[in-house]
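S.K.: One-letter residues, chain by chain:
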Amino acid sequence: MSEIHTDETKGSAGAERQPVAFRGGGFAPKNRRWIGVLVFVLLIAIAEWGTRTGWITALTLPRPSDVLETFGELYSSGLLFKHLLPSLSRLVIGATFGVLLGICIGVLIGLFSVMRSSLVPLVAALFPIPKIALLPLFVIWFGIGEGSKYALIAFGTFTPTVVATYGAVDNVDRTLIRMGQSFGLSWLSIVRKIVLPGAMPGILSGLRISLAIAIILLVAAEMLGAEYGIGAYILEAGSLYDLERLFVGVVILSLLGVIVSAGIGILERRLLGWRV
Amino acid sequence: MDIRLEGISHHYDDFEVLRDVTLDIPAGQIVCIVGPSGCGKSTLLRFIGGLERPRSGRVVQLGQAPEGCLNPLTYIFQDFALLPWRSVAGNVSLVLEDHGIRGTAAREIIEDVLARTKLTDFAKALPKQLSGGMKQRVAIARALAVKPAVMLMDEPLSALDSQTRELLMDDLVDLWSRQPFTAVYVTHNLAEAVRLGHKVVVLSRRPGQIQEIVEINKPLPAREFGDPELDEPQRYLWRLMREEARAADAELMNV
Ligand SMILES: Nc1ncnc2c1ncn2[C@@H]1O[C@H](COP(=O)(O)OP(=O)(O)O)[C@@H](O)[C@H]1O
Ligand SMILES: [Mg+2]
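Order-wise, the sequence lines are chains A and B.
Heads up: the first sequence is residues 1 to 276, going by the numbering used here.
Heads up: the second sequence is residues 1 to 255, going by the numbering used here.
Check each hint, because a few of them may be wrong.
Straight-line distance between alpha carbons at most 25 Å, and here's what the computed SDA-like set of lysine to any residue pairs gives [unchecked claim]:
1) Lys218/B with Pro207/B
2) Lys199/B with Val120/A
3) Lys128/B with Gly265/A
4) Lys128/B with Cys104/A
5) Lys82/A with Ile259/A
6) Lys124/B with Val191/A
7) Lys199/B with Ala250/B
8) Lys124/B with Ile190/A
9) Lys147/B with Gln234/B
10) Lys30/A with Ser239/A
11) Lys147/B with Ile266/A
12) Lys128/B with Met200/A
13) Lys147/B with Gln163/B
14) Lys128/B with Ala28/A
15) Lys147/B with Lys82/A
16) Lys124/B with Lys82/A
17) Lys128/B with Ile259/A
18) Lys124/B with Leu255/A
19) Lys128/B with Arg192/A
20) Lys124/B with Ala28/A
21) Lys147/B with Leu62/B
22) Lys128/B with Leu196/A
23) Lys147/B with Arg178/A
24) Lys124/B with Pro29/A
25) Lys147/B with Ser189/A
26) Lys147/B with Leu188/A
27) Lys128/B with Lys82/A
28) Lys128/B with Ala47/A
29) Lys124/B with Arg275/A
30) Lys124/B with Ile259/A
31) Lys128/B with Pro29/A
Derived CB-CB ranges, DEER-like [stated by the list, open to error]:
32) Arg242/B with Val114/A: 46 to 52 Å
33) His11/B with Asp170/A: 54 to 60 Å
34) Glu97/B with Leu42/A: 34 to 40 Å
35) Lys124/B with Ala28/A: 53 to 59 Å
36) Ala65/B with Ala125/A: 49 to 55 Å
37) Pro128/A with Phe15/B: 26 to 32 Å
38) Ala222/B with Ala28/A: 47 to 53 Å
39) Trp187/A with Ala105/B: 40 to 46 Å
40) Asp170/A with Arg4/B: 37 to 43 Å
Simulated from the structure, these hints should not be mistaken for lab results.
Positions of the beta carbon are idealized from the N, C-alpha and C atoms, including for glycine.
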């Protein structure tokens, strides 16, 4: 301890007293919900004010109050649910398929060497392909109807889920697995009661990404031969340069994203309450 | 049920870990294994529990496991190995479920083992709410639930502070006095070894060989904290280990 500077101390009695400078804290972000809301409100208020004063021209950005009005019309005409319901069913069916298959394959990759050596390169090859580029192929394989839309969404959610799942399985504490073996638990019990719950945090954070991708692909899928659906609605508005309706569609997608994200948050709180 | 190790040798690739270990583990006794770190104590315990196979030699079981024994060779791990997503009772129930014990039968066993480890009030708590000592008691309760013939403990108290360690040693002695169990207890702490062991096996540095087996005759319940009668064997053990530990320490730094 010879490096401690002692030149300033004038003996313990007459010593200058200084509080030790605080240098801890930070690096622990907390979620303050109202700040998120405030940011939204502020941005919308700026847009409203800008478009009203003419500082933002109507061609650049539609006026938020007009967008709200258009949304009201969409709702009162009953068209809202006509567009929303098919979209939601495509999203739910496609994402469910993709996520479930992704979790299964991810667990297999996480557990078996053969699966790992054969499928990891394949997944790495599939991951970077923009799934939208394969839309024509899906139409040929699954028809122009709902099938190709489900397939596109399922495929798009599948690859990120696989990658997240096998990473999560790799991260499961090996001593817990050894513990299971040492108590003579069956293979299936070890997977069901130790590997899957242990991988759940990683799987859920993968789910956040997969489901956002699913919403993106939903619009892409509906741009092709769908009469109803949020994507079809946006596409039609876009081709007419109807910015109010375009924004209504976009806002619906954003809300969908927020709801999905909040849903996963609830799921995390219910399933991962055990985390320290 | 006795366990006998017959000429166990092992190496990982070119790395010799254990050499010709022959040892008897008689029923109803606690056999402590001490030795410098890296001498193959944990590896030996994995062989005894059947989690790994030695290159040569074998582990044999003499006689049948007693009636009602669900998992004859049961581990207690240094880092507790509790499932963090299961409550205390759930962690115990985990090892019963696979034997088809559920419902009332399971509840009775769980209540019994939690009472024996003084955890009754914490049945619903999650591991994250427990202190280290309580976590290890849950692991002991879980091991007791399968009525083991032999308990295999790999430095079970090493992750705990010294006061908690004393308390848990008392608990282990209590458990043993009420119902003697067989155990192989690996530790690097000589105080633990002389407090809990009927026999203390001293391994040399890697490759681990049996250097000496020290018998401690004072009955377990009569031994106590800072017992002067235990000083003698502890000092003797330390003399045996001292040079080995020093050499092992220097060796590890050269690796
Ligand atoms: N699976 C393994 N592969 C290679 N080396 C290992 C393996 N397990 C243990 N070892 C080595 O064997 C030696 C003995 O390990 P271990 O039994 O854990 O020692 P101890 O518990 O006595 O400290 C150590 O040097 C360790 O690095
Ligand atoms: Mg060890």
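S.K.: For which of the previously enumerated hints does the structure constitute a violation, in increasing order of number?
M.R.: Going through the list in order, the structure violates hints 1, 2, 4, 7, 9, 10, 11, 13, 15, 16, 17, 18, 20, 24, 27, 28, 30, 33, 34, 35, 37, 39 and respects the others.
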